[in-house]
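There are 2 protein chains.
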Amino acid sequence: MGKGELTRQAILEKATALASAVGLGGLTIGKLAEELELSKSGLFAHFGSKESLQVAILERAADRFVELIIRPALRAPRGEPRLRSLFEHWRQWPKLYSMPGGCIFVAASVELDGQPGPARDLLVKQQRDWLDVLASTVRGAITEGHFRKDVDPEQFAHDLYGAMLIYHHALWLLRDPKAEKRAVRAFENLVEAARRPQ
Amino acid sequence: MGKGELTRQAILEKATALASAVGLGGLTIGKLAEELELSKSGLFAHFGSKESLQVAILERAADRFVELIIRPALRAPRGEPRLRSLFEHWRQWPKLYSMPGGCIFVAASVELDGQPGPARDLLVKQQRDWLDVLASTVRGAITEGHFRKDVDPEQFAHDLYGAMLIYHHALWLLRDPKAEKRAVRAFENLVEAARRPQ
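Chains as they are written, first to last, in our numbering: chain V, 110 to 307; chain F, 110 to 307.
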């Protein structure tokens, strides 16, 4: 990896930290240049436009998400242990990737949902891929006999994502001291329901 | 209600519709003036600042939420029927209050979480109040014998809110044709778990 690529990644990680606080919409190349004490023209040479910067931020975040969340979880045995490991790493994600204002994907989902374009298209693809990873991990838990055969893996993935979204809401907006405890309870409730013989 | 108050409410509802698409952060008094073909100075006379406008938008939205969601649900019998009615009205909320870009509270939650000030303070209070309404409705279902005595009403409210957040994610970002079906399933799963004898 050349020096240029390292610089680009370092810039993107600072940009993500900033966007996690002010939002993707609030992040202009001018503001980023000011924050990093770099020249605006230099940043334009790297990213070209605000929208390309948004795309680059999402791409870099997804690469890091694979490295920090998915790869470590793959070391856990297939089935419920792997699902549990995914959920635990996922909960730590804003800390692991230094996003002081919370998850960039949660922010982008709300900010971009009504804004057609390459950044939104990329985000939708990333979110579907992630739901697929979750559903396929649930499928693994069925194959291993940890979960009942009639559990709906897509519904489980959907519900688990809901548990994560309300966790973020409770943590970042409400500053609820019970946010962590509630997230763990929500996960355990989903797992217990999927295990329970009918 | 005087003409001035009616005008103010009409302006706030247009402002909310606009903010639901461009975000609260993207909504300036200038942009609103342009959209409504009103004078910028007139709007300043009504609202004073962007932040007061945000506060007024949230206040008006909460009033309408009570009228459109909570009041009709109170007509249902206490307990599970009332909880069900709340959830059904809540799902329709973006349509009932004409928010073409989705729920203003969901957008504001992500936009304001890192921005201290009166708008954030108000939103936090509104969100806690709403979680209290949900929890107290669940408590009613326990009293009526619809739900088990050991159900945790706050956890249920939290999980139900999670189901609503992922519903919005699936609907507005992913445009998932199964979003509605999954939301209903998530609700039924929560209710079934709360009913099941242990």
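Think of the hints as simulated: they come from the structure by calculation, not from any bench.
Certain hints may be false.
Each pair may be met inside one copy or between any two copies, as identical chains are not told apart.
Claimed, not checked - List time: in silico DSS-like cross-link candidates among lysine-lysine, alpha-carbon distance up to 30 Å:
1. LYS112 x LYS204
2. LYS290 x LYS204
3. LYS149 x LYS258
4. LYS112 x LYS258
5. LYS204 x LYS140
6. LYS258 x LYS123
7. LYS258 x LYS140
8. LYS159 x LYS290
9. LYS234 x LYS287
Check the structure against each numbered hint from earlier and tell me which ones fail, lowest number first. Violated: hints 3, 4, 6, 7 and 8.
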